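Number of protein chains: 2
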Amino acid sequence: MANITKKVSWSSRGDEPAPAGEGTPLLNGAGGAARSYSRQFSGSGIFQIGRLSTVDLEEDPAPEEESAISRPKEIPHNEKLLSLKYESLDYDNSENQLFLEEERRMSYMGFRCLEISRWVVCALIGILTGLIACFIDIVVENLAGLKYKVIKENIEKFTEAGGLSISLILWAFLNSVIVMMGAIIVAFFEPIAAGSGIPQIKCYLNGVKIPRVVRLKTLVVKVCGVICSVAGGLAVGKVGELLHHALSNGLMSSLVDVGSLTPLSQQIFEYFRRDTEKRDFVSAGAAAGVSAAFGAPVGGVLFSLEEGASFWNQMLTWRIFFASMISTFTLNFFLSIYHNKTGELSNPGLINFGRFDSDSVEYNLYEIPLFICMGALGGLLGALFNVLNYWLTIFRIRYIHRPCLQVMEAMLVAAVTATVSFAMIYFSDDCQPLGEDQAENYPLQLFCADGEYNSMATAFFNTPERSVRSLFHNPPGSYNPPTLGVFTLTYFFLACWTYGLTVSAGVFIPSLLIGAAWGRLFGIMLAHITPYGSVSIWADPGKYALIGAAAQLGGIVRMTLSLTVILVEATGNVTYGFPIMLVLMTAKIVGDYFVEGLYDIHIKLQSVPFLHWEAPATSHALTAREVMSSPVTCFNRVEKVGTIVDVLSNTSTNHNGFPVVTRVMDDDEPGKICGLILRSQLIVLLKHKVFVERTRSRLNQRKLQLKDFRDAYPRFPPIQSIHVSQDERECMMDLTEFMNPTPYTVTQETSLPRVFKLFRALGLRHLVVVDSENRVVGLVTRKDLARYHLGKHGLEELQLAQT
Amino acid sequence: MANITKKVSWSSRGDEPAPAGEGTPLLNGAGGAARSYSRQFSGSGIFQIGRLSTVDLEEDPAPEEESAISRPKEIPHNEKLLSLKYESLDYDNSENQLFLEEERRMSYMGFRCLEISRWVVCALIGILTGLIACFIDIVVENLAGLKYKVIKENIEKFTEAGGLSISLILWAFLNSVIVMMGAIIVAFFEPIAAGSGIPQIKCYLNGVKIPRVVRLKTLVVKVCGVICSVAGGLAVGKVGELLHHALSNGLMSSLVDVGSLTPLSQQIFEYFRRDTEKRDFVSAGAAAGVSAAFGAPVGGVLFSLEEGASFWNQMLTWRIFFASMISTFTLNFFLSIYHNKTGELSNPGLINFGRFDSDSVEYNLYEIPLFICMGALGGLLGALFNVLNYWLTIFRIRYIHRPCLQVMEAMLVAAVTATVSFAMIYFSDDCQPLGEDQAENYPLQLFCADGEYNSMATAFFNTPERSVRSLFHNPPGSYNPPTLGVFTLTYFFLACWTYGLTVSAGVFIPSLLIGAAWGRLFGIMLAHITPYGSVSIWADPGKYALIGAAAQLGGIVRMTLSLTVILVEATGNVTYGFPIMLVLMTAKIVGDYFVEGLYDIHIKLQSVPFLHWEAPATSHALTAREVMSSPVTCFNRVEKVGTIVDVLSNTSTNHNGFPVVTRVMDDDEPGKICGLILRSQLIVLLKHKVFVERTRSRLNQRKLQLKDFRDAYPRFPPIQSIHVSQDERECMMDLTEFMNPTPYTVTQETSLPRVFKLFRALGLRHLVVVDSENRVVGLVTRKDLARYHLGKHGLEELQLAQT
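In order, the protein sequences belong to chains P and D. The working numbering applies: residue 1 is where the first sequence begins, and numbers increase by one. The working numbering applies: residue 1 is where the second sequence begins, and numbers increase by one.
By construction, these hints were calculated from the structure, which means they are not laboratory data. Model, not experiment: these values are computed from the prediction. Using N, Cα and C, we set each Cβ at its ideal position, and we do this for glycine too. Among these hints, one or two may not hold up.
[Stated by the list, open to error] The following label-pair restraints were derived from C-beta to C-beta distances:
#1 Cys113(P) - Cys113(D): 51 to 57 angstroms
#2 Arg112(D) - Leu412(P): 43 to 49 angstroms
#3 Glu773(D) - Phe111(P): 33 to 39 angstroms
#4 Pro482(D) - Gly451(P): 39 to 45 angstroms
#5 Tyr338(D) - Met315(P): 39 to 45 angstroms
#6 Pro482(D) - Met315(P): 41 to 47 angstroms
#7 Glu773(D) - Glu730(P): 28 to 34 angstroms
#8 Tyr338(D) - Cys113(P): 54 to 60 angstroms
#9 Cys373(D) - Arg112(P): 55 to 61 angstroms
#10 Ala449(D) - Ile116(P): 57 to 63 angstroms
[Unchecked claim] Simulated coverage check for chain P against chain D, where a stretch passes if three residues somewhere in it have a Cβ under 8 angstroms from a Cβ of chain D:
#11 288-301
#12 382-396
#13 574-585
#14 606-618
#15 758-768
#16 772-778
[As the list claims (entries may be wrong)] For the chain P half of the interface with chain D, some residues (derived, Cβ under 10 angstroms), not all of them:
#17 Glu102
#18 Ser324
#19 Ala624
Go ahead and model the full structure; you've got the sequences and the hints to work with.
Written out as structure tokens, the structure is:
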């Protein structure tokens, strides 16, 4: 109360279109009192007030499937926008009477069974993730092997005879064709499968509904796309991080769907048909994917937590851990069969960086400053990479938004990659003697003497994982400094160009490769500079390659804890844990000074309303009153069907949550909150015609079961597909049983950080703002909170856009 | 509304004493309407309704220092009780006007500085933890070395001459004296320093205020106690887990206190004087401790998260990680100086299990079932250990609660340990040839031939860490199976007896040692059983020792994720990660079937109101109405000083939080909530005489700063020490500025799991329950939620006891 009078200035901005938040505008559009609560800002002057006035009134209100297909309009060009097209996920259970009755009916054994079936689903996710990872690995291995064999034979044929340009053309052609296939399926069938998938999974776990992320189709496209882009020789990782996302999600989704088909498991799996359970399975899937990719179960769990979770639940963490374990195990087991070493499980995941031997893994105090320097360098290079990729992405959003253009760009990149690699190899004169136990599968002799191979070719003429491994483990002297320098430079730009193409591909492995190259270079330089060339500890450039790889990757993606563990697990040795951490921290600090991490940049460019961990530090001056959307479309506890249909059909708003109120007097005053109902619930109610005529007793209302709601999940029909006759419009609908009777509420005076904490910690979708009389005065949704962020000049407010 | 009418039976239990929760009873004790909300239960019959009627009316209401000293009454004998003596911590900021004004005044740079100083504090915590760990290590090493040298010389002298009983007496005497010193300082000066400290830290991070845990005195006692108990040859770990707790906490506390002394840092450190910031530092300290102890920075972070945190905040996690890193680094650095290898940082933490070489670290598919069997065995043995220790603890609580008895028991255990060890060594005839590079520092020849040593002595005549290491790494054949069997059996009971003594000691290392012994035995047996004795993979009993150690430890403490990482980091090799996980999971599942983990048992025995991760599964039938304490003591926004003093002085209640209400009519009806004020705040207000006479304008009220509140933190004076004259009692106090104007509230119909989630995720201390008119009808505190737990027969309710 006292707070209200302290506000400085209140300006009514009635001339602007109503804010189209997730559950707000003017049904009971009382212009007067309610209007005065509209989005206003305290007069402190630190906010860039703004709201894009171009609310598309002809905007397609159809469900998300359609709206995302119209791709040209999809991505706004300005990262200072927040798109309104993204819906939120409901991580807060709607505890309506139906749900509570079901829970109360359930015995303790029922909950035990439920818990066990959660573990079973996690095990299935792990197994399937492992199997798919195994499949990808084997196919890529064979396909790339075939390709390199053909080219190698061709090169060898033409090396002495002259006419190597034919080899070049063959190489470029093969690459382009393979990449084209990958690009086509991605661009035409499932654009969401493009890229690494990490931004999408981050958003999903954050609570943003990314359309079509958890579909079987996405999974299939992703798997094929990954195979094509890696086999096509692009500067991308084989399965790196990209694996996990579509995999797990598609899997999980289909698991639950399939599970529901068999009558036996129906009852159990049906319980999982809600966003909360789904999120938990997606977390498990993400962890299992990382775990399979790097052979890093703990790293996978940490990844899933660092990127996604907010509320750390022990049981959930253990399930995630279990899924990770199972996926690594499955992968190892089947790979051991494939490699004819059935049962030998000691080898790690797909991306095997080779184990650092215990003898050589030592470091000394005076190397710590060097590591920190490398971390800083990694941060700088990472920032450069991100800035370049940012510009490139902007360019792509503006000019390359047609699928055929995208495919052509991918083919171009493939051809250029082949050409550059070829030129590098051609002009390199770095010949090394052919060792016996080296990692290269395709040593290219080219112009080297017999018994020697071209060292540049080791780096280029290989899948990136193998290159990383050889950079880590090849004995000192395997690479000349100029080779490494040129390689770093070239690969840096190639990788930067490649990330963001319309192919399924990640940035993990390329980053590691770049870092390993300059790290090894750094190590060699050090050995040259130090007076005693024979100091054994300097002599291992592989160590510096590892540190460089960590620095570069850290500089680009800016993860610390999970990345440390992943790298430790992937290299099989914990001794370098401390230096790797140090390097990752330094890289993050230095990189953050210039620009955000790559994934965050891409999330911002897609204008996703992403909630960070905490509210901006200086946002204590804001209260719920200024943040909330208002006035709110509310329903009465017993509402006219016509009103509901009209509100749901209102294309300019497309709200998803509606407070249910008991109106004390007339419409002049907002009603007292008594519940919250979701659009999806209303749609199911309308579909099942759960209404009674005004004259009849309300007891006649048809009974609905929770099952009816679950059956419709997650693809609720649009309101347009439900026909409501004129007579039915006059009927009444009693929402009491279906609404969530205990939504979380805050008062208007609550500060933004406090609102934010509540919203984020509980994974809310709608937070009702009430006055001291419990009357609804506003609604806080994800967009309202995500709008505020700390810019260079203090707190800034993002604009909302309908695009 | 509709919910209320659905309740089956309402029984008023007015004959029972009022529930003495953290902020409840009958000031405005309206017997009628408000009373009918009193704790009632739905008629489902699954609840064991009960409340201990023995509320101590003469209970000492003095602050926690006193109440815990009266030890005989301290611990109730029944784990079905919840003690009311524990207060909660305030992890939710009280965002009153003063706080908000301060936050609003603070610039962006101010927040940056704050953030940086948080990092600095974490770094300091890391450094100090590392230094103390280093100190303990060196002192223990030297002290134990001295002891063993004296005894060894003595034994050697008497071996041939006869009269070994003198050696035995010497050994027992030395042990007893050292242990006595440790027990005396613990028992007489700081009883909270007893035990491993993990239960205490779990409670603290859970939000329970354990008196005197974060004190410098506790730290000093703990360090000395640890040194004495390890050097005294008890079956305890050197620094295991026990290290972290008092260390970090005492450190942090004193850091912040000391920091506040110097005027420069005063402003910054002052900001940290609240429970939220303190908890974060304590988390960091816990992680740093584990990290230093095991050389496991990631494991430390995970430990801190698994045991404590609920809301996973990325920045916080990074700070914790940073502290862990720094502490490992500091420890390594100073140890490397001590060992004259300055700058070699590759060695891990205090407890070095030796690195498993890459060659021998292989396992095969058919070993997985064996590992699982070992996990199950570990779970069984762990459960046995816990049950035995549970009985022992009950016995101790009943009969050994006087400090002198406790010291005597500790001495007895020390003497018995020495005697048993001596007997084992004496009667053992397991002689092994003296190797060259073995880990034993004190090979005892005894009755063995020249050039041989007594193998039993390796296990007993050594600090436990060294024994573990030799069990892991000694070549096959170093131990005879009978030796191992007898050793396991003896050590099992010794360790079980030792844990819970009034000495500072942990259970980590003894568990590992027991497990390593039977694991190695298992491995040797396997090699015997298999037809081809020469299968190389069986030949390494060290591998089975590791797995056995993991199984035993997992069976006792029931951690999974963090323990996996700790073991992986401590052994320096990730290959065994998967088997270790598997074993830990199995051990946990099997063990949980019988009895809870050791730490949970001890927490329960202390009747701590510990909140688990989720509400019990079948608790959906309960709503806030049934859970809350009611009626609530409320204050008016402008309250008479006399009333406040009376309420605070009411010794039978001792509430800590009071809703502030605006009373619309007379006292008949509960008022509308408008804020929440804490006892501590009221005490500061009273101390500073912030009140005005009834006649004067309220503007005359003395202005208080946030600083005044912070200066009083954390040792607020008791109400008795504040003198309020009769005139002053008639004055009024305006609470508006000081109360938290936006406490989180829930409605009466909210289900228990929902209340629980809100409470736990936000770390609340008081949650106000309101009706639909926003009138205060109840208050939910920690005890109200912790009371419900899932027992063997469904949901059970614990009794509350004043003890």
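* Hints that the structure is at odds with (numbers, increasing) -> Of the numbered hints given earlier, those the structure breaks are 4, 9, 12, listed in rising order.
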